[in-house]
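Produce the entire structure from the sequences given, and follow the hints as far as they go.
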Amino acid sequence: MIVLSPLKKFQFPVIAECISPDIFKGKSLAEIAKLEVWEGNKQRTLGDLFKIEEDKAETPDIVINGDASEVRFVGKAMKSGEIVINGVIGMHLGEKMAGGKITVNGDAGGWAGAEMKGGLIEIHGNAGDYLASPYRGSSAGMRGGTIIVDGNVGSDSGVYMRGGVIKIRGSAKQFLGFRMVDGTIYVQKECGTRVGACMTGGKIVVGGFLEEVMPTFTIDSIKPKVKIDDAESANGPFYVFLGDLAEEGRGKLFVSKPANPHLSSYEKFL
Amino acid sequence: MVVVKSVTCPICGSLCDDIELTIENNEVVKVKNGCALCESKFLGYKGEHRIKTPLIRKDGKLMPVSLDEAIHKAAEILANANYPILYGWSSTSCEAQRIGVELAEEIGGVIDNTAVVCHGPSILSVQEVGIPTCTLGQIRHRADLIIYWGCDPWSAHPRHLERYTAFTEGRFEKSDWKGYIQKVKAAAGKKKIESAVRRGVVKRPKAQPMLQHELVNAPPPTLMKEGRKLIVVDARKSMTAEMADYFIQVEPNKDYEVMQAIRALIRDQELDVDKVGGVPVEYLEEVADAMVNCNFGVIFFGMGLTQTAGKFRNIEVAISLIRDLNKRTKFVIMPMRGHFNVTGANVVFTWQSGYPYGVDFSLGYPRYNPGETTCMDILLRGESDATLVIAADPGATFPRRAVEHMAKTPLIVIDPHMNATAMLGDVVIPSAFVGIESEGTAYRMDHVPLPLKKVVDPPKGLLSDEEILRRILEEVRAIKAKKMREAEAA
Ligand code: SF4
Numbered sequence: 001m002i003v004l005s006p007l008k009k010f011q012f013p014v015i016a017e018c019i020s021p022d023i024f025k026g027k028s029l030a031e032i033a034k035l036e037v038w039e040g041n042k043q044r045t046l047g048d049l050f051k052i053e054e055d056k057a058e059t060p061d062i063v064i065n066g067d068a069s070e071v072r073f074v075g076k077a078m079k080s081g082e083i084v085i086n087g088v089i090g091m092h093l094g095e096k097m098a099g100g101k102i103t104v105n106g107d108a109g110g111w112a113g114a115e116m117k118g119g120l121i122e123i124h125g126n127a128g129d130y131l132a133s134p135y136r137g138s139s140a141g142m143r144g145g146t147i148i149v150d151g152n153v154g155s156d157s158g159v160y161m162r163g164g165v166i167k168i169r170g171s172a173k174q175f176l177g178f179r180m181v182d183g184t185i186y187v188q189k190e191c192g193t194r195v196g197a198c199m200t201g202g203k204i205v206v207g208g209f210l211e212e213v214m215p216t217f218t219i220d221s222i223k224p225k226v227k228i229d230d231a232e233s234a235n236g237p238f239y240v241f242l243g244d245l246a247e248e249g250r251g252k253l254f255v256s257k258p259a260n261p262h263l264s265s266y267e268k269f270l
Numbered sequence: 271m272v273v274v275k276s277v278t279c280p281i282c283g284s285l286c287d288d289i290e291l292t293i294e295n296n297e298v299v300k301v302k303n304g305c306a307l308c309e310s311k312f313l314g315y316k317g318e319h320r321i322k323t324p325l326i327r328k329d330g331k332l333m334p335v336s337l338d339e340a341i342h343k344a345a346e347i348l349a350n351a352n353y354p355i356l357y358g359w360s361s362t363s364c365e366a367q368r369i370g371v372e373l374a375e376e377i378g379g380v381i382d383n384t385a386v387v388c389h390g391p392s393i394l395s396v397q398e399v400g401i402p403t404c405t406l407g408q409i410r411h412r413a414d415l416i417i418y419w420g421c422d423p424w425s426a427h428p429r430h431l432e433r434y435t436a437f438t439e440g441r442f443e444k445s446d447w448k449g450y451i452q453k454v455k456a457a458a459g460k461k462k463i464e465s466a467v468r469r470g471v472v473k474r475p476k477a478q479p480m481l482q483h484e485l486v487n488a489p490p491p492t493l494m495k496e497g498r499k500l501i502v503v504d505a506r507k508s509m510t511a512e513m514a515d516y517f518i519q520v521e522p523n524k525d526y527e528v529m530q531a532i533r534a535l536i537r538d539q540e541l542d543v544d545k546v547g548g549v550p551v552e553y554l555e556e557v558a559d560a561m562v563n564c565n566f567g568v569i570f571f572g573m574g575l576t577q578t579a580g581k582f583r584n585i586e587v588a589i590s591l592i593r594d595l596n597k598r599t600k601f602v603i604m605p606m607r608g609h610f611n612v613t614g615a616n617v618v619f620t621w622q623s624g625y626p627y628g629v630d631f632s633l634g635y636p637r638y639n640p641g642e643t644t645c646m647d648i649l650l651r652g653e654s655d656a657t658l659v660i661a662a663d664p665g666a667t668f669p670r671r672a673v674e675h676m677a678k679t680p681l682i683v684i685d686p687h688m689n690a691t692a693m694l695g696d697v698v699i700p701s702a703f704v705g706i707e708s709e710g711t712a713y714r715m716d717h718v719p720l721p722l723k724k725v726v727d728p729p730k731g732l733l734s735d736e737e738i739l740r741r742i743l744e745e746v747r748a749i750k751a752k753k754m755r756e757a758e759a760a
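One line per chain: the protein sequences are A and B, in this order.
Counting along the first sequence from 1, when you hit position 201 you're at 201 in my numbering, and nothing is skipped either side.
If you want my numbering, it's the position in the second sequence, counting the first as 1, plus 270.
These aren't lab readings, by the way, just hints derived from the structure by calculation.
It cannot be assumed that every hint is accurate.
[Stated by the list, open to error] Below are the DSBU-like pairs computed for lysine-lysine, each with C-alpha atoms no more than 30 Å apart in a straight line: (1) 27(A) - 8(A); (2) 117(A) - 581(B); (3) 752(B) - 42(A).
This structure is a prediction, so every number in the text was calculated from the model and none was measured.
Below, the structure written as structure tokens:
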């Protein structure tokens, strides 16, 4: 196990794509310390910016202790192994991740799990905007794997999602699951508006308050409960909406009935 | 006395190029064809706020220095910075912007233009779904349905209606000016009656305050008439709305829902709701009909769409709407760009780096991720350690926390005027007005490049933005080469 601790509070962005179990594997401490990172527009080595120690314990493979809020691209494209972050972590955590596990005991920046293909990300704090969403101009959303966020997430999360599961124990901001094609998103608490806009498939479950359903969703039925994944299901009852009609989509939006009495006007269409 | 014809107006994105200026003793004395904004700029640019000499902050005060000293100081700050940002660029020439990109690459900085606070969202959505558009000339000659959504050209782009859209005489579409005059007369008559009511000449029961849903009138039958029609959609009744055949007042921040609903209606889908964004669905159905039945439609959109809830998703849905409409008829869309050359900034940045704004060169190659590599976000996170601002005034427009960080780190300002940002600056370099005192190229909102003319000489000693930047770039290269030599020697 390698333990990394920032040597100072970073002001400039630190681009550290090398912090990944696949890259660290089989390298000595000295070799790890020589890996390239960028701090602002200056090229540095990992050893310039972090204190690097080895611990006897086998797992997790990498531990980051301290404020890493400016450290970006940790666990990029990782395929196996485990990273634990005790503190805040910067943007692009686990980008294009295909396997393994990342645990954050703190908050994560934007674009966590962007374009993720597999594996597990657990964030025990809040996540920023664009959780599991692709970059500009790309429609390659999350394809597989699981993301669990104990806190709240920002806007535009799960955009263009094509597979996998996102569970949010707190609330989510607007445009959750925008242009979603497949997969499952579960928000336990309040959800911002425009949830599921332009979705054509997949499933979004809102357990808390939702101010308004997009006008282009049509009510289908009321269901007592809904399955999230093999391990979990949510208890309702839920209003089930289908949409987005503007895209002739068949996505399913489950909205808690008890938490949203103002949506009862839809019942007349059932 | 000389008269210069076909001058391009360097103010708004309409970039009118038919202005006639009369010059006497190196001064503009008469402006023909321009709107009020244009006149006040050409006649009043020499105002009292003009900076006359380069300034450097010493002991907390801005002190006059030589141009060489100011340029050296600016270059030194930029060459030594770890994460500098170069911001502004919308009110200068493409030639200056090009050198700006070169400078950003040389110093490993982030270059960003004011699109980030106006039409950046439009560009983001264009990257997601593409954009069906055309030139203003085509709209002028062919468009029979003109929609202004979230913008007020009558105030912000005064000649837009008259030169390019509803009130211009096109080859295939006639001007709607006469209809407008009739409407104005009718409105004047209505006002007379109202004032008579107020004076008590005519008795009428007291009016109740109007509710939001009552503000939206039913579409008039003229929406189906032949010839040009003008629809305005906005959260408030603007000057342009007064002229429109039909004005739809949407509840603030509900544009997204309204557009998405129109999209569904165009696909003949039934909606489960009666109203969207305060507008009854049956009215929207008529609007959707008018859209489908026109021969050539256009949506112009402004910051009422790009800077309200949903931001770039609002534009994305607008573009998706246009895409759907093009299955049935011909429809195009165009952003109403504000600053005269913000389009140029996006174009130049794109052909130089591949990205339109928020380009980060810190890793040696261009990287682009709005939200991460955009100037405002960098300032709010406090990451930058030097700023160069040119042809913009973020000191007056950015949130306080961003301005505070900008003021805390070394700040270089290049501008003709002593604006709020220049007052915070550590190095201030005055420049000549592009389009008046120096020439260049600018892009109109429809991506047509037009030449900017030099009609008078700048005050003595003032250089154009382009020349100032070129000198800073040369100086940066000299400083870096010297550092390299020293490092090798050591
Ligand atoms: S509309 Fe714009 S470009 Fe045209 S004259 Fe007026 S300010 Fe200048």
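Status of each hint after checking the structure:
1. Note on residue 27(A) and residue 8(A): the hinted pairing holds, with a Cα-Cα distance of about 25 Å set against a maximum of 30 Å.
2. Straight-line distance between C-alpha atoms of residue 117(A) and residue 581(B) comes to about 28 Å, which keeps the hinted pair within the 30 Å bound.
3. With a CA separation close to 18 Å, the supplied pair residue 752(B) and residue 42(A) stays within the 30 Å bound.
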